[in-house]
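Construct the complete structure from the given sequences, taking the supplied hints into account.
Numbering-wise (the working numbering), the sequence shown opens with residue 176 and increments by one.
Do not take every clue at face value.
[Said to hold, decoys possible] Here are the computed distance ranges between Cβ atoms for each label pair:
# : residue 1 : residue 2 : range
1 : LYS238    : ASN201    : 29 to 35 Å
2 : SER291    : GLU249    : 18 to 24 Å
3 : SER292    : GLY227    : 18 to 24 Å
4 : GLN187    : THR226    : 30 to 36 Å
5 : GLN187    : VAL275    : 28 to 34 Å
6 : PRO261    : GLY200    : 33 to 39 Å
7 : SER199    : SER291    : 15 to 21 Å
8 : GLN187    : SER236    : 26 to 32 Å
9 : LEU185    : VAL275    : 23 to 29 Å
Just so you know, the hints here were simulated from the structure itself, not pulled from any lab data.
Just so it is clear, CB atoms sit at the ideal spot from N, CA and C, and this is done for glycine as well.
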Amino acid sequence: VQLQASGGGLVQAGGSLRLSCAASGNIFSPNTMGWYRQAPGNQRDLVATITGNKITNYADSVKGRFTISRDNAENTVFLQMNSLKPEDTAAYYCNLQWGVPPVKNFWGQGTQVTVSS
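Structure representation (structure tokens):
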């Protein structure tokens with residue numbers, strides 16, 4: 176399984192960005208796709224997840240500003256980020272997982288999001 180993320184960049188505070196991540200390979204359903212982020216010196220934290228039934232979960236810090244969505248036919252997950260803040264600056268990683276423990280877990284390469292004040 177491979178995950179290819181895109182859409183990061185540099186934006187001013189208050190701006191918007193849209194991240195995309197396409198999964199390919201032997202993918203099992205049901206599964207959960209999501210986004211995590213990691214700033215330098217910090218651990219990788221949950222941003223948002225979405226199940227195949229479109230049930231979503233968000234970190235408190237992004238609720239009301241970020242929206243996660245997915246296209247099940249294309250195995251693609253999106254993250255629409257609005258009202259960006261400098262503290263949103265991080266490398267963003269897409270994730271795909273399925274199964275019961277031990278969960279099968281796959282990561283894409285990080286895409287950098289930088290928000291200037």
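Evaluation of the provided hints:
1. About 34 Å separates the C-beta atoms of LYS238 and ASN201, a value consistent with the hinted range of 29 to 35 Å.
2. One distance hint, 18 to 24 Å for the beta-carbon pair SER291 and GLU249, is violated here, with the actual separation near 32 Å.
3. Under the hint 18 to 24 Å, the C-beta atoms of SER292 and GLY227, about 38 Å apart, miss the expected range.
4. At roughly 33 Å, the beta carbons of GLN187 and THR226 sit within the given window of 30 to 36 Å.
5. Between GLN187 and VAL275 the C-beta distance comes to about 44 Å, which lies outside the given range of 28 to 34 Å.
6. Checked against the hint of 33 to 39 Å, the C-beta distance between PRO261 and GLY200 comes to roughly 36 Å, which is consistent with it.
7. Under the hint 15 to 21 Å, the C-beta atoms of SER199 and SER291, about 33 Å apart, miss the expected range.
8. Separation of GLN187 from SER236 is about 19 Å and departs from the stated range, judged on CB atoms against 26 to 32 Å.
9. The beta-carbon spacing between LEU185 and VAL275, approximately 40 Å, falls outside the hinted interval of 23 to 29 Å.
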